[in-house]
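So the protein lines, in turn, are chains A and B. With our numbering, the residue at position 129 of the first sequence is 129, and numbering never jumps. With our numbering, the residue at position 137 of the second sequence is 677, and numbering never jumps.
Any given hint could turn out to be false.
A few chain B residues facing chain A, derived, Cβ under 10 angstroms [as the list claims (entries may be wrong)]:
1) 617
2) 620
3) 637
4) 686
Computed Cβ-Cβ distance ranges for the label pairs, DEER-style [claimed, not checked]:
5) A:346 x B:599: 47 to 57 angstroms
6) A:489 x B:570: 20 to 30 angstroms
7) A:158 x B:557: 34 to 44 angstroms
A few chain A positions that, by computed beta-carbon distances, are all more than 10 angstroms from chain B [claimed, not checked]:
8) 136
9) 153
10) 270
11) 346
12) 398
Quick caveat, the hints were computed from the structure, so don't treat them as lab data. C-beta: ideal position from N, C-alpha, C; glycine also.
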Amino acid sequence: MIHNRRLATANIGVAVGAFGIATFMALMQSLSRASLDLPGRSAKMYYLSVTAHGVLMAIVFTTFFIMGLGVAFTTRALDRPLKWPKVAWAGFWIAVIGTAMTAWAILWGKASVLYTFYPPLQAHWAFYVGATLLVVGSWVWGAVVVATYLAWKRDNPGKPVPLVVYGILSTIIVWYLATIGVAAEMLFLLIPWSLGLTETVDPLLARMLFWFFGHPLVYFWLLPAYVVWYAVVPREAGGKLFSDPLARMVFALFIILSTPVGFHHQFMDPGISAGWKMAHTVTTFAILFPSFVTAFTVTASLEVAGRMRGATGLLDWIGKLPWGNPLVAAVLLSMLLFAIGGFGGAINAAFGMNSVVHNTAWIQGHFHLTVGSAVALTFMGVCYWLVPKLVDRDLELGLLAKWQPYLWFLGMMFFSISNHITGIMGMPRRVYEASYGGSEAAAQWEGLTLLSAGGGILLFLSASFFLLVMLGTVTAGRKAQQPALEFAEPLEGEPRKLLVFDKIWAWVVAAVILVALAYAYPLADHLSMETFGSRGFQPF
Amino acid sequence: MHVDLYEKFWMWGAGAIIVVFLGTIGVATVSQGRLPPSHVETIDPATVRSDARFATPGVTTNDDGTVVVTVIAMLFAFQPNEIRVPANTPVTFRMTSTDVVHGFQIVGTNGNTMILPGYVSQFTTSFEPGEYLITCNEYCGLGHHMMAATLIVGEGT
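For reference, chain B alone in the conformation it holds in the complex (with noise of 0.2 angstroms):
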């Protein structure tokens, strides 16, 4: 098989570029620990109220001064709809729906995860002081475009 002597380096350079997009990728994974939101932890969907780890959203702050919020998703809200957190501080964000599947996007930022019933969505990540707008960003209905809530970050250690 003749291949022209210009589409051998084309090949070749496109074969570079690919490992160094991987190559990119695996450092930040290895080296930063970036990884995509991938938390394996199940849930009925039918009682999440009742269930321990949904009974109270809101946040808590642990002893260690790193803070969870606990966050419900369901048509067409976000239950709490005002969150308030300090700044950079490690914030763990752990969502679940009662009903369909939603999106939960902190615009502005990287924060975004699916929240499926059935399941815990879960990320851990830091915020500048401000206050940023939460969206729904996946179709649940037809309020889903006034499906969102308020992320206020204050000023802190």
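Same shape as in the complex, but just chain A (with noise of 0.2 angstroms):
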């Protein structure tokens, strides 16, 4: 069974909390960078709302998200409760003070520094201090199940441990990787110059700690969403999992390979040498294939489900998944709206490309399809599935919950695409509008902004429904017996033998070498020169 379902319970309900505001927020975005004039558009909310909907979305319901999702699938998995709940619970509450105070930074107008807060852009201290509880309080989290997994492996000597689990693990590794780069952003360099300890600071070593931790971040999100593609919709779709150990590798490769990569995100900066951009656009590229291997694995488990639902043909397997069920709809087409944004990701990943697209409106596209899609679409249909169980009453309005993914799908292709386009034509992200005083060349974007706010409209349609959907659920729900939360079964049944990927303390050694590779070099480098820091500004 599922044990410490209230504090699951509690961690989903902020993180759907968190979406609710934010989606606001995005509305009134999409249809100002239109410039769709709606009453109370401002500039300074327009800013406002950019920063608020990319903290809300991008750190606080994705983490409150997965902390909630681990806790379940955890438990569930290995039939143990956590190790220490009440240091859980701490870690939570932590968490949502650290939230409450960085949100009121950012509503009260006192951090419009977007969710990059790159310096000397200054916030109000308590922007940072809560970020950085917030992260302490996931760090909570990731021990008490780690934790956890130790006593259960202690009392199971030589048992693999189930692929929920590992792919949880992994998830907190990679996170604890991550972490150490904006640990060291937050409490060595923006906190003690937000408190006026220091005077200035220097941008580019906050922006190469930024980008150590923001793009393995994104290996954070996702990879909770691949433990649900293959523990969780094979067996929901009527199917098994094709391949255990291959999903294991998947992992353990995202283990090593998420955190040498952050230079990508820096082709365009002064002061990194074209080489270790070279060097991180190498690991980028292999950090593919673990990607790669999932789409053949996912989409082998699903055909399996189509042939074990009685479809003979080449393809008519498709057609027999269960499309009207909400969370394998939600997966299905989060995974063809990633598989756009898994190409769109390799273009970035290449600087020739990358200097045409850097900081346009076809980054606002690309990582819609993945963080927004890929990610937060699964975890809309996890919702459907796994709030039921956790507070064992009867999906509500379910019949919303069925349109709500395609809803979303179609939403984001308007916005993705259109966003795309503008990009690939020099529109910047993140304006409060785009019309450069009457420029010829930002004429070109107008029909495409407004295709994008249509999009938005659609998005804002399809999360109200979602909305409406948890709401009814936890609040009107007939209370009723669940079905017992149950993981996909491998092919080949359940493993019995170790593998060279459950040695996952070798994979976090290779993973801290390799990181160390990457960024040893650039940073001592980087620390050895004369630089002029900055003083702070607010301009917003």
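Dock the two chains into a complex; use the hints.
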């Protein structure tokens, strides 16, 4: 059974609440970029809301959801409660307090620095301290899950850990590695600087530390979605997992490759030599590999499901899949959107093409397909399936849940494709409006920004469906015993032997070595150079 | 560990695609010298205007015909905000910021770089004749969407 259900529910509750606030912000932004005048529209509100949307969606929604999912999946798969439940609750409250501080700073207009918070834009100290507390809370969560796993391991020597827990553990490892960067940025640079203890900060050092964190952050979001794709969806679709060992290989590769890639976000930065940018390009392309393998294994698992449902032809298994099941539909559609996003990602990673799309609308088009669809749509699908089990109530407003993923898909196609095109045409991202004083080049973007706004409206509608279903389920859903949470069985049966992927410590050591190779020299080189710090600015 | 034959093919194929992608980038880098703007040079952001390197922002033509454009980025403008250069001539842009992080993108080209206070960004490229919009593509504050300049590339040699 699922243990510590209240903790899991509380985490997912905060996640869905943050999603709800952020989704209102998003609607306003997509309309604003198309120069559609809404009451109360102003540049100040726009940039405040971009900050709130980014922080609440990319950091708060994801982190709390992953913490809730991690609790539910780990306790169910290991069939034991969390080892230190009180510590886990303490971690949750630390994260909540941190989130409240950051949200206060943003919503009161004291921190319109966007979710990337590049100095010398300077936010109120509560923004940095709050975000740091959120990360500290997630560290506590990670430690409790790892301790629970170690206790299970002592009781089950020589037994391979269930794939679900393997995936959650790799998520935690990636997160611990990643957050070293942002913790260093916060503790050594931004917090003392925002409190006035130091006068200046080195913008490039801050960016290097941020992107040390910023790309593995992407895999912190993505790996739990992959856990669902591998270990939940095949069963929900009526089939089995095609290959358990290869799923483990994928997670192991993410452990080692997630972090030494950050300079691909800084291709256009001065002050970092081209050689190191090249080195990070190689690792960035290497990390395409585990996602390619995932595409095969998950699709093959779905084919198994279609055939177990009676398909016999070459492709009719696709039609046999339960497209009316909200979780399955959400994941199938998020995979389709992710396929487009993945190819876009390969383009971003090639610095020649990156120089065309860097910081343009293309980028927001790209990450709304990846984190905004592969991750967020999967998480919404998971909510339809998991929340009823957590609160022992039937899913309410099931019809809305059925249509919601399709509406998201449609809205996202409009939104992201138009943004990809305006991006190639040079429209910058994150602009309050894009007329540039009637410039001829900017006039070319006009029809497409309207299309993007249309996509935004559909996405807002879809998000509202999701929120209504969640609210309806927890308040009005019929109290009833729900089917137990079950994971997909591998086609070849549960693994009995330990594989090289199960030597988790060895993968952690390899990851640390790779990170050191990728970052130690450029960071040391940078720190030995004479640099000039910047004082803070608050132009918002 | 058993791996399905088709999945083996797929993994070799995926590996091959990655090698081809990296090979393409490698060839462009080695044979055509295509590199991202990675100039390493520092400057004190508090004294940019009195620094000889940025005391006179604008266009200068070297004796060998190459052109250097010096640009200061600030909240919320580029100085100069109109840049005139000859067509099909290598133009080197040298830029820095007096306040926060800005971006510099010449719309319709691949001229694109970050501008960080404390650092000098530099890249060299040449243009077809025409008028180009330059935008700040990194959020810098409430006037971010108004921070722009014009590049006018004249018919020349």
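(Q) Please check whether the beta-carbon of residue 136 of chain A is more than 10 angstroms away from every beta-carbon in chain B. (A) For residue 136 of chain A, whose nearest Cβ neighbour in chain B is about 27 angstroms away, the distance exceeds 10 angstroms, so it holds.
Q: Kindly confirm whether 20 to 30 angstroms is satisfied by the beta carbon distance between residue 489 of chain A and residue 570 of chain B.
A: violated, 50 angstroms
Q.
Hint residue 637 of chain B vs chain A: min CB-CB distance below 10 angstroms?
A. Hint holds; residue 637 of chain B Cβ to chain A Cβ min 9 angstroms, cut 10 angstroms.
Q) Are all C-beta atoms of chain B more than 10 angstroms from that of residue 398 of chain A? A) Holds, because the least Cβ-Cβ distance between residue 398 of chain A and chain B comes to about 36 angstroms, which exceeds 10 angstroms.
(Q) Does residue 270 of chain A clear chain B by more than 10 angstroms, comparing its Cβ with all Cβ atoms of that chain? (A) With a cut-off of 10 angstroms, residue 270 of chain A comes too close to chain B, as the shortest Cβ separation is near 4 angstroms.
Q. Is it the case that residue 153 of chain A keeps its Cβ farther than 10 angstroms from each residue Cβ in chain B?
A. holds, 21 angstroms
Q. For the pair residue 346 of chain A and residue 599 of chain B, does the Cβ-Cβ distance stay inside 47 to 57 angstroms?
A. Cβ of residue 346 of chain A to Cβ of residue 599 of chain B: about 37 angstroms, so the range 47 to 57 angstroms is violated.
Q. For residue 346 of chain A, which was marked as not at the interface, is the minimum beta-carbon distance to chain B over 10 angstroms?
A. violated, 6 angstroms
Q. Is the hint on residue 686 of chain B kept, meaning its closest Cβ partner in chain A is under 10 angstroms away?
A. holds, 8 angstroms
Q: Classify the hint on residue 620 of chain B as holds or violated, based on whether any CB of chain A lies nearer than 10 angstroms to its CB.
A: violated, 16 angstroms
(Q) Between the beta carbons of residue 158 of chain A and residue 557 of chain B, is the distance compatible with 34 to 44 angstroms? (A) holds, 38 angstroms
Q: Hold the hint about residue 617 of chain B up to the distance rule: shortest CB distance to chain A must be less than 10 angstroms.
A: violated, 12 angstroms
Violation of the numbered hints given earlier is confined to hints 1, 2, 5, 6, 10 and 11; the remaining hints are satisfied by the structure.
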